[in-house]
Amino acid sequence: MSTAAPPQKAAPHRERTGGRLSNGAFALLLTAPGLALFATIIIYPLVSALFTGFFKQDLRLPGREFVGLDNFTYWLDGDFLTILKQTLVFTVGATIVPFVVGFALALALNSGLKGSGFLRGLFLFPWVIPGVVVSFLWMWIFNANYGVLNGILMKAGIIEESVSWLGQPGTAMLAVIVTKTWASFPWMMVMLLAGLQTVPKELHEAASMDGAGSIRRFFAVTWPQVRGVASIVLLLEFIWNFQHFDTIYVLTGGGPAGATETFATAVYQTAFKGFDIGRATALGGLWMLLLLVLVAVYLRITERKGDAR
Amino acid sequence: MTTTTSTPLSGTDRLRTSAPPARHARRRRMRKDLLRSRIVAWTAVLVIGAFGMLPVYWLLATALSSPEQTFQFPPKLIPTDITFSNFTALAENDQLITYLVNSLIVASITAVLSVVVATYMGYSFSKFRYRGRRSLMHLVLASQMFPQALLLVTLYAVFSSFGLLNTYTALVLSFTTFTMPLCVWMLKGIFDTIPDALLEAASIDGASRWRTLHSIVAPLAAPGMIAAGLFAFVRGWNDFIFAVTLADKEKQTLPPGLVSTYIGEFQTAWPELMAASLVVSVPVVVAFMFLQRYLVGGMTAGSVKS
Amino acid sequence: MTTSGISRRGALRMFGIGALGVAGAGVLGACAPSGASTSSNGGDTKSKDFDFTSWSLNEEAAKPSIEKIIAAWEKSENSKIRAVSYPYNEYLSQLTLKLGGGETTGAVHLDIAWLAAVAQMGKLADLGSAAMKGGYTNVALDSGMYDGKQYGLPWNTGSIGVIANSKLLEKAGIKKHPTTVEEFEDALRELKGLGGGVVPYAAATKVAQLKDIFPWMQTFGCTLLEENKVTIGDDASIDAVTWYKKLHDEKLIAADVDRFDARALFGQGKAAFYDDAIIGKGVTAAQSKDKTLADAMQPMKRPVLRAGDTPQALLWGGVIAVVKGKGQDAATEFALHTTSDRATTTEYFAARALPPSTTAGLADPKVAQDTFTTEWTEKITDTATGSPFWQFARNAQIEEAVAKQVQAVLVGKSKPKEAMKKAAEEVTDLIKR
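Residue numbers (the UniProt record's numbering), protein chains in the order written: chain Z, 1 to 309; chain Y, 1 to 306; chain R, 1 to 433.
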C-alpha cells in the first residue's frame, strides 16, 4: 500500500554504455515517432479547431469571417449549462452504475462458483458487440410501441399503457445510461475480478477467524487490494464517457427536446449536420476549458498514485 | 447484508450450540457464512446475468423472427415461426463482408501501429529521466480527454484536402488519436513493473540500449503489449464517429456499415440487422474468450501492485 | 512525498504548453484548410463510369427496381455504376460530407427539400438543356429549380398527406372522413374508445419527422414565412401546437413515433390515421400481416379549421442531380433516362406506386387508371404546396429547430407560446446565417 513514489532514481543506463547518443537523446529518439504522430493528428487538429471557434464558417462553403466571441456567447447565452449538466449526469451515471454492477459480478464470480471462467468469457459478449449495434438493440428493446420491455412490463401488470422510454426527458437519460452500462460493465468486471484474484485467500480466512463480518472484511481486506484497479477503471471510464458519442447519438440523437444532449453530440451535430463549424468548435473550446480543470484533477490523482514516477 | 437469511439449524447443530466451545461456534459461523455468501453470489450472478444475457437472447430471437412477427405487440417472447432466412441473406451480401474485412484491417493496423509507437514512448517515459518528460507524459495522457468531435472537424478538412477521405490511412490515423494515448499509458505501467536492476545488468553485460529494449524488455512486456493491442483493437472495432464521417462505401467499417445497410427511410430491418450483428460479433467474442487472460494481465500489471 | 509540489509544476508546464499552442494557432490556423472548395470534383467528364447515390437503395421495397434500372444501363452502355446509399435520416449530412470531400460524383438522388442546401455548394451541374428533352410537367420542373437554374431532373413529384384505415373507421362507426379539425378530434376520440392500444392518429412526435406539423400550422392559419419574415410564433402557430399537445396529452397521438413507427402501427391495424407520402401504401401494406390492409388504405384530405378552407398538404418528391466532373455527361444521360424514359418510369411506378413526373408518364394507362393514385392526386397533391423554407440552405436545421421546440412542448418542458417564440428566433437566425 505504498503510495509514495520511490525517491527519484538515477537513470538505469549510464552514458558510457550507450554508444554515440546520450541517454537523454536516446530517450527522446524513442518518443519521436509517437510525438510526430501526436503532433499531426492530435495537437494540430485541436489547435486549429479551437482557432476556428472565432470565425463564422460553414463546412460546405469556402471562406470565413472573423466574429470574435460571438460563437462562444451563442452557447453561453443558450444551452451551455444545460448541456454541461446533462454531460455530467451521463458521465457520472454511466461510470458509477456499470462499476457497481461489474464489481458485484466480480465479487460473485470470485467467491469460487463453478464455471466462473466460462461465465467471465460469456459476459464479455456485450463489450465486443459494436457499440452502435448495442444502441440499436436497446433502441429496439425500449421502443415505445412494439418494444419488448413494454411487452414484458405489461404482461407482468406493472404498467398499463406503453411507456415511451426514449420519448420522455426523464426516462430517456435513464435509458441511455442503462444501455451504456450494459456495454461497459463487462470489461470493468474483468478488471476488478483480476484485482480480486490477487487478494490472498488467507487474508480473508484470517479476518473471518477474527470475527469480521462480510462487510467489515470487504472494507478491511478486499477494498485495499482492489483499490488500484478500481480507481483505474473508474478514471478511464469517466474519461471515455465524458466524450462518449455513439450510444446517445443512435438512441436519442440528443432528444427528446435536447434532454440527452451532451458536448459530444452537440459538437458533432452542429458541425456535421448543421455544418456550422464555427459554433461547433466554439462549444468544443468551452469544453476544452472545462477539461483543463479536469486535467488538473487527473494530474493530482496520477501523481498521488505514484504512477507518474 | 447483515439481515440476510439465516440457515435453518438442524437438531444436532442445536445440540452442539448448547455446549459452546468457542471454536465450534466460529467454525459453524464460517460455514454459515460460506453458504450465505454462496447464495448472495448466485443471486448476484443470476440478476446481473439476466441483465447481461436477456438482451443477447432478444438479439438472437429477433434475428430468428420473420419481419412481420417483429412488429407484433405484445411481442412473442419465444419466436414461434423461426426462420433462418435472415442469416442466409447475409451470405449473399458482399457489402457486409467488405465492411467486416475493412473493420478487421483497420482495427488491426491501428492496434499494431499504436502498440509499436507506444512501446517506444512508454519505455522512454518509464525508464529515462529528462527535461520535459513529465510535461510530455501528462500531455499525451491527458489527450485521451480531448473531444473527438472537435478533432474530427479539422481531420475531416485535412484528409479532404489531401484526398485521403475514404482510405484506410484516414481511418487508421483517426483511430490512433484515441488508441495511442491509451497504449502509452498502459505500456508505461507495464515497463514500470520491470525492475531497473535488470536493465543495469544488461548494460553491464554490454548489451546496447536497443538490444536491451528489443531482446530483454520487449519479451518481458509482451503480454502487456498484447493487452494494449487488444484494447486498441476493440476501441477501433467499436468506433462510429470517425468512420461514419471519414469513410465511404468501399472503406467503411462495420458500425456505420451496418447502419447504412439496414436502416432505411421506410423501415428498419431489425431481424437482418440483429442477425448481421450477431454473426460479425461471434468471431471477436470467441477470440476474446481465448485472449482474455492477456487482457487482464496486461491491463492490471501496472496497477495491481500498488 | 513531495508529490503535490511536483504535480503543480507539471500542471503549470502543461498549461504553458497549452498557452503556446494557442499562440501558435494563428500560424496554424492561417494555413488550415477552410471547408470545401466550389470547384468541380475533378476527373473526366466524358467517363462512362459514374456514381449513383440514392437513399432508396436502402429500402427493401425500392432496391430491386432501382438495381434493375442500374443493371440495364450498365449493360446497354457497357459502363460501371458505383451505387451508394445512406439511411434517409443521415442522407443529407453524409452526402454533403462526401460531396465536399470529392468522393461523390455522378448522379445523386435528392429530396426536393434538400436541393437548395446541396446546390449552394456549387458542385452541381446545370441540367437546363437536358430538362428540355424530358417532357416533364411544369410543377415537376419547378421542384428541381434553385436560384433560377435547373439543378435536378424531377423523378417523382407527389405530396405528403394523411392516410386513413377505412376498416378501423368503420369499426368505430365513423361513416365519412372528417373534414374539419373539430370533426377530426371527435373521430380520434371515438377511435381511442375502441381500446386495445389503438393510437388513433400516428402523427410524428420524434424530431426527425416532426416537420409534419408545418401543414397543421398552415391549417390553423400560420403562413410560416412572409417576405423573409418568419411568422412562426404568431397566434395561429401557437394554436396549432397547443392543439397538438392536447392530442398528445389525451393519447390521441403517441409519443416517440417517427415514420417507421407510424407505418408499423398502421400496418398492425393499430393506427387509424398517419402522415405519409403516396409511396407509403406499398411499404406499409408490405410489412403488414393483414393482406387486406392495402385495400383499406385511403388518402384523406387534411381536415381544415373552418369548413371551406383549402386543405393543406406538403409537396414531396425526388429529383436526380448531377455532380460536375467525373462521369458528368453519362450521369446526365442516366438521370434523364431514369426520370423520363416511358418504359422505365411505368415499370418503376408498377413496383413502387410512385407516380412519374412527365406528362407522358402520367398519361400512361397504368398510372392514370390506378384509383389510389388518382384519388391521392385529387385529394392531396392538388392543393399541396412546397415549404417556404426549402429555398434556404439551412432548411434541414430550420425544420429541426422548430421540431425540437414542438417536442419540448409535447414532453412538457416548454409552453407553446414560449416555444414558438424561441423557434421563430432560431429560424430567423438560421435564415440569416
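Calculated from the structure, these hints are not laboratory results. This structure is a prediction, so every number in the text was calculated from the model and none was measured. Some hints here could point you the wrong way.
[To be verified] Stretch by stretch, here's where chain R covers chain Z in the computed footprint (C-beta under 8 Å, at least three residues):
hint : segment
1    : 33 to 43
2    : 225 to 237
3    : 264 to 275
[Unchecked claim] If you anchor each label on the Cβ, the simulated ranges turn out as follows:
hint : chain 1 : residue 1 : chain 2 : residue 2 : range
4    : Y       : G49       : Z       : A220      : 40 to 46 Å
5    : R       : E347      : Z       : K85       : 53 to 59 Å
6    : Z       : I152      : R       : D429      : 42 to 48 Å
7    : Y       : T193      : Z       : D79       : 16 to 22 Å
8    : Z       : L84       : Y       : S108      : 33 to 39 Å
9    : Z       : R300      : Y       : N93       : 48 to 54 Å
10   : R       : R433      : Z       : R227      : 48 to 54 Å
11   : R       : R433      : Z       : K85       : 25 to 31 Å
12   : R       : D126      : Z       : D79       : 38 to 44 Å
Even glycine gets a Cβ: it sits at the ideal position worked out from N, Cα and C.
Here is how each hint holds up against the structure:
no.	hint	verdict
1	33 to 43	violated (count 1)
2	225 to 237	violated (count 0)
3	264 to 275	holds (count 4)
4	Y:G49 - Z:A220: 40 to 46 Å	29 Å, violated
5	R:E347 - Z:K85: 53 to 59 Å	55 Å, holds
6	Z:I152 - R:D429: 42 to 48 Å	45 Å, holds
7	Y:T193 - Z:D79: 16 to 22 Å	46 Å, violated
8	Z:L84 - Y:S108: 33 to 39 Å	37 Å, holds
9	Z:R300 - Y:N93: 48 to 54 Å	51 Å, holds
10	R:R433 - Z:R227: 48 to 54 Å	51 Å, holds
11	R:R433 - Z:K85: 25 to 31 Å	27 Å, holds
12	R:D126 - Z:D79: 38 to 44 Å	40 Å, holds
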